[in-house]
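S.K.: The chain contents come next:
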Amino acid sequence: MRKYWARLAVAAVVATTVAGCGLGGGSSSPGGDSASAAVTGEIKGKVTLQTWALKPKFTDYMQGVIDSFQRKYPGVQVSWLDQPADGYADKVLSQAAGGGLPDVVNLPPDFALPLVRQGLLLDIASADPALAQDYVAGGIDAYRYAGQPGAYGYPWYLNTDVNYWNADLLTKYGLDPAKLPTNLDELIAQAKVFKEKSGGQAYLMSRKPGLGDLANAGVRIMAEDGKSFTFNTPEAAALLDRYREAYQQGLLPKDVLTDKYAGNAKLFSTGTAAWTTGGGNYITSLATDNPTLAPKVVPSPAMGTPPLYVQGLSVAKSSRNLPTSLALARWVTDAENQAAFAHLTSIFPSTKASASDPYFSKSDGTNASAAKVIAFSSLAKAAVLQPVQVDQAMSDIVNQQIALAISGGTTSKKALDDAVARCDQLLKN
Amino acid sequence: MTHRRWYTPWLLIAPALVWLLVFTVWPSINTVILSFTNARPLGGGHFVGLENFDRALSDDQLGDALLNSVIYMLVCLPLLTVLPLLMALLVQKRLPGITFFRTAFYTPVIASAVVVALIWGWVLDERGLVNGLAQRLDVLSQPLPFLTDRWLLLLSAISLTVWKGLGYYMVIYLSALGNVGRELHEAAAVDGAGSVRRFLHVTLPGVRNTMLLVSVLISVSALRVFSELYILSDGTGGPGGRDMSVVMLIQMYSRGFTGHLGYASALSLLLFVITVGPLLLLLRLDRKAV
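Chains as they are written, first to last, in numbering that gives the first Met the number 0: chain S, 0 to 428; chain D, 0 to 289.
Bound conformation, chain S alone:
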């Protein structure tokens, strides 16, 4: 009897071990047959909707959207889950790994990609043939992935970066807020004047470049097929060389090498840096952190191609109620509901119908409103600058190598070669 139990226990442990490490196989392949046809059927039953950090600020708005959906389809019951901002990726990961992905889930494109690779998300382009008619191409394209046919999310709301300048600091240190830099050459030239006049007490430039800057300099980050990185070009090296010179001339703070992106915004809000970049609503949030600085901020369009940030709603392929899930995702992201959402905060709708909304294209004269208009007009040429294949480890490696090149620890060419080699290795595994 004892031997029997012992054998059973060993068998259970071995089975769990093999399954746990994924050697048991069984993951569904992407692009199953349910994804290749339009989803139709009666809209009724229970569905879950998961959003990311919308409570409590937008509770009334979201509840209103859900209530109106339930009124339109009386047989539907929507269960809304809102996850906190921190640890959202881990939360979705555990849901996906445990087979408990909500029916409709808010996923930015980079979060959606690993789920698409596992065949966990519905191909919206196939399920809803009207997708391309109603949503802007940039938003949909963000959910298209190399090697994966289809689009895996309804684009929800969009944002981009705007340049923000501290007019007081510019004037104080010899620059004209009416003649803001529009490219790297002008930026470096003005940073030199700023440094000389401020004696190094404040900075115009306070962030190191990233992949987005390389893309903006015309460098192709990835090969067309998404299977290798290509950003170790002479143009990219030349850009890093320029930043290294600027760093050595003291135009950037020394700590910029180990500062993350947020470091630049922190310096700006404390009046140590005169330039930062942020979303269309940056001045509104700055008014909370530094109310005296907010009115003195001048917005201007981002240099080069503005980055496109996309949020979207995806539908779990495992949803037991696909027609209702699809209808809910479309409802939340439709033109009317997106426009109402965008009127509450500085985000921008991804629907074609909102393009002519004067709310986004006319300023009320405040700098916050001007920033909103700049952001909205920038969206037309905005693009996703960093490929979604760049994961956290790759991003760290690229940042480390760029910092090393700028510090003078290695040549720009070698830093880029090393970064590409390491990222390629991570991509292959």
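Fair warning: there could be bad hints in the mix.
Just some of the chain S residues that point at chain D, by a computed CB distance under 7 Å [stated by the list, open to error]:
id, residue
1, 113
2, 402
3, 408
4, 410
To be clear, the hints were calculated from the coordinates, so they are not data collected in a lab. We put the beta carbon where it would ideally sit given N, CA and C, even for glycine.
Starting from the known structure of chain S, fit chain D onto it as the hints suggest.
M.R.: Only chain D this time, still in chain S's reference frame:
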């Protein structure tokens, strides 16, 4: 008559056993298995043989991380073995106000490593307290790059570890010193031994086992250092990531949606083997000394 069932002891230890199996044994076994795969957090993971280990051996960043960890251990080991003993000898004396010093030395231990590292980050920043004071007093013309120079960053993190660890090991030594018989000191004094000789021939042998324990604890924690380097470098591992410890490297590869769990597990296994090395060495030294 008492009826004894064979499974009664197992029932009693079952809760602890289940806990141990689920949270210690199973993750350890899983780490070994994963290290031979290319597993990701979601799905799959195929057997890749020794590929992860082969890759680790040619990984420059692992080489840097190992060098950092070894330097960390070599600097921390003597400092945190000797200084807390000397401090314990000082605060052991019954003097007026000595409780204040005991408390002051122990306070950094209570504070969270993350909070302390953040404060040190502000202090050592280009515009921080140290650089500000040094420049104001004309000691420095330019700020020292404590947080952006590879070796200064490592040194700053080591200083933080030593500062934070002094009180902890001091308390361990205090309890050990309490076990060294006063009569031994008195006998040595009667025989004409001075304070230095009494320290070398009475105190040190009395706390030898504790010193070994402290050395082992320091070696292991120095090889596994994370918080200090992570916070001081703002998670970047310094320029080029050359100030990363092995644990930081494991964290970098394992986190997120697309974590490279296979490679991170291989690094964990290597760290385990490396950590066992100094332990065995110290135990061997102890046996020889006995």
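S.K.: Each hint needs a verdict: does it hold in this structure or not?
M.R.: Structure-based check of each hint:
1. For residue 113/S, the interface hint holds, since its Cβ comes within 7 Å of a Cβ in chain D; the closest pair sits about 5 Å apart.
2. Among the interface hints, the one on residue 402/S holds; its C-beta lies about 4 Å from the nearest C-beta in chain D, closer than the 7 Å criterion.
3. Taking 7 Å as the C-beta contact cut-off toward chain D, the hint placing residue 408/S at the interface holds, the least distance being around 5 Å.
4. Because the beta carbon of residue 410/S sits about 12 Å from the nearest beta carbon in chain D, more than 7 Å, this interface hint is broken.
Figure legend: structure checked against the earlier numbered hints; the only hint not met is number 4.
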